[in-house]
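Asks: Could you put the whole structure together from the sequences, leaning on the hints where they help?
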Amino acid sequence: MSWELAGKHEVDGAAVTDALIVTEQLTKYYGQNLGVADLDLEVREGEIFGFLGPNGAGKTTTIRTLLDFIRPTSGTASVFGLDSHKNSVDINRRIGYLPGELELYKKMTGQELLKYFAALRGGVNWLDVGMLADRLGFDMTKPVKALSSGNKHKLGLIQAFMHRPDLLILDEPTTGLDPLMQQEFYQMLLEAKEKGQTTFISSHILPEVERVCDRVGFIREGRLVEILTVADLKAKAVHRLELVFAANVPQADFIDLEGVKDVVVEDNVVRCTVAGGLDAVVKAAAKHEVVNLISHEPNLEDIFMAYYGEDSNVS
Amino acid sequence: MFLRYIFLKNLRDKRAAIFWWSLSFFLLAISVASIYPAVAETAADLEAYIESLPDAFKAAFALGDESIGSPVGYFNAEFFTFMAPIMFLIFAIGFGSATIAGEEEAGTLSMLLANPVPRWRVVIEKFVAMALGTAFLAVVLWLSLVVGVRAFDIDISQGRLAAATVSSALLGLSFGTVAFAVGAATGRRGLAVALAVVLTVVSYLLGIFAKIVESLESFEQFSLFYYAVDVNPLANGLKAGNVVVFIGVIAVALVAALVAFERRDLAV
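Protein sequence lines, in the order shown, are assigned to chains A and B.
Each residue of the first sequence is one higher than the one before, starting from 1 at the first, in my numbering.
Each residue of the second sequence is one higher than the one before, starting from 1 at the first, in my numbering.
Any given hint could be a false lead.
[To be verified] In silico EDC-like cross-links for lysine to aspartate or glutamate, where the CA-CA straight-line distance does not exceed 20 Å:
| # | chain 1 | residue 1 | chain 2 | residue 2 |
| --- | --- | --- | --- | --- |
| 1 | A | Lys142 | B | Glu125 |
| 2 | A | Lys195 | A | Asp166 |
| 3 | A | Lys287 | A | Asp267 |
| 4 | A | Lys236 | A | Asp214 |
| 5 | A | Lys107 | A | Asp139 |
| 6 | A | Lys152 | B | Glu105 |
| 7 | A | Lys145 | B | Glu105 |
| 8 | B | Lys14 | A | Glu103 |
| 9 | A | Lys86 | B | Glu262 |
| 10 | B | Lys14 | B | Glu105 |
| 11 | A | Lys145 | A | Asp128 |
| 12 | A | Lys152 | A | Glu112 |
| 13 | A | Lys152 | A | Asp134 |
| 14 | A | Lys193 | A | Asp166 |
| 15 | A | Lys106 | B | Asp13 |
| 16 | A | Lys115 | B | Glu125 |
| 17 | A | Lys193 | A | Glu101 |
| 18 | A | Lys152 | A | Asp128 |
| 19 | A | Lys115 | B | Asp13 |
| 20 | A | Lys145 | A | Asp166 |
| 21 | A | Lys145 | B | Asp13 |
| 22 | A | Lys193 | A | Glu103 |
| 23 | A | Lys106 | B | Glu105 |
| 24 | A | Lys193 | A | Asp18 |
| 25 | A | Lys107 | B | Glu262 |
| 26 | A | Lys195 | A | Asp128 |
| 27 | A | Lys107 | B | Asp13 |
| 28 | A | Lys86 | B | Asp265 |
| 29 | B | Lys14 | A | Glu112 |
| 30 | A | Lys152 | A | Glu101 |
Since the hints were made in silico from the structure, they are not lab data.
Every value quoted in this text rests on a predicted model; they were computed, and no experiment measured them.
Replies: Here it is, written out as structure tokens:
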């Protein structure tokens with residue numbers, strides 16, 4: 001299966017009518033360097049879509065194209081059914097945006113910055129701003145340059161949410177947030193979804209995407225690898241297991257099990273990777289006395305490797 | 001209210017700088033005026049000294065027809081042929097290069113453009129901020145000069161002081177808009193400053209060589225300094241033809257900024 005086919009197949013199978021973001025054969029080169037290639041992506045109204053890939057995969061390129069900061073080399077991108085370039089002002093009016101590398105006017109206080117952006121947007125209810133600031137525990141009186149990275153990030157979130165946008169585009173949104181604030185942020189995303197807002201969130205952290213997203217698109221080296229629902233993703237997820245037994249166990253009990261790979265047996269310890277459900281391996285282990293079972297969170301590379309094997313590098 | 005518009009926010013950001021520039025202009029204007037009475041007394045000696053200077057030197061400092069003992073000759077030699085244009089040039093080129101390219105390098109420009117604001121509006125408002133800042137300093141300078149000449153009882157027309165001030169400000173704003181356009185087209189502040197300064201120096205040297213070297217005489221009209229300095233607005237007032245030249249240069253640079261900024265990718 002080629003990478004292009006993987007992407008196209010998903011788009012062909014999806015309903016186009018309720019699509020909020022549509023890219024068709026979107027390609028962006030920076031001189032000789034590839035940003036994204038032949039990207040066919042579709043984000044549906046009301047969903048939380050996770051855009052997952054390693055750093056430098058083309059996530060930010062895609063997002064910056066949607067916001068008309070950069071223009072496609074070829075192909076098109078549309079948001080709300082409007083062309084990302086020709087109708088950028090109308091699109092941006094309905095988008096809340098948080099960049100991956102947030103830079104804000106250092107001399108302004110949070111309040112001044114939010115007033116400025118609210119004035120440029122128009123129609124922002126200042127009560128919403130106050131509520132968001134309270135919720136995130138953000139002090140609006142401090143100048144931006146005096147804010148910690150976490151607090152700067154809160155300011156970024158407030159300006160993205162304050163005008164109740166139809167579409168939130170959030171590039172690596174939890175970077176720099178402490179765990180408590182991450183919880184609050186996930187809660188905000190789910191509430192936004194309840195209100196009918198759509199979210200497009202990029203990340204390189206799989207568990208983050210898994211917990212809030214409805215669907216996940218994988219991008220790697222500028223190309224869309226696959227789009228999956230989170231349910232499918234979990235079914236396919238690769239776990240690295242470490243089983244510790246009371247006594248030595250024979251290797252034969254663990255190889256040739258469904259979905260189990262890379263089996264290493266060292267005396268009473270078995271290490272392996274498991275794609276999909278853990279049922280087979282757990283049942284095999286149950287024949288012996290299990291002392292400990294450690295399941296490592298699957299990471300992105302493991303998933304890529306599981307899908308596409310060792311030669312998953314795209315040239 | 002300063003946070004309602006991009007240009008007002010820009011001027012607000014520059015408020016400290018504009019204050020110090022205003023103070024500098026004021027002190028400079030008062031100092032220049034305060035020295036004049038002493039210069040006038042020794043005018044004859046100075047005349048003889050200047051007469052002995054090489055022509056190139058006289059050309060460079062526009063020591064033209066008027067005696068340095070006369071108010072017009074003095075203010076030209078001391079202020080309007082060099083210091084005033086240089087100050088407006090530094091201010092405007094600094095402002096023009098920082099306002100788009102500087103903001104882009106700082107990473108805040110994309111946050112600004114994530115708002116429902118068309119790019120042309122950003123260009124226009126930022127140009128307006130630069131133009132208003134320059135105009136404000138011109139008014140401060142003119143008022144300071146008026147205070148200075150009154151305080152030291154110097155016989156020079158307020159209107160002609162305004163003409164000379166406006167000429168210097170327009171010269172500064174012209175090259176400032178060039179820096180602005182280069183910054184809008186490339187997003188590179190250093191390049192914007194460098195190109196504008198190089199153009200300024202070339203323009204300045206062209207004006208001087210046109211005066212010294214006879215075969216280059218017809219080139220003087222290609223130097224913007226000619227329209228601000230050599231036409232001697234302090235003696236002759238502001239001529240529409242000269243003002244139109246500056247407005248033309250500013251308009252061309254502004255249109256170039258609009259077109260280039262509309263078309264290109266923003267830097268990361």
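Asks: Against the structure, test the hints numbered earlier, and report the numbers of the ones violated in rising order.
Replies: Structure breaks hints 1, 11, 17, 20, 22, 25.
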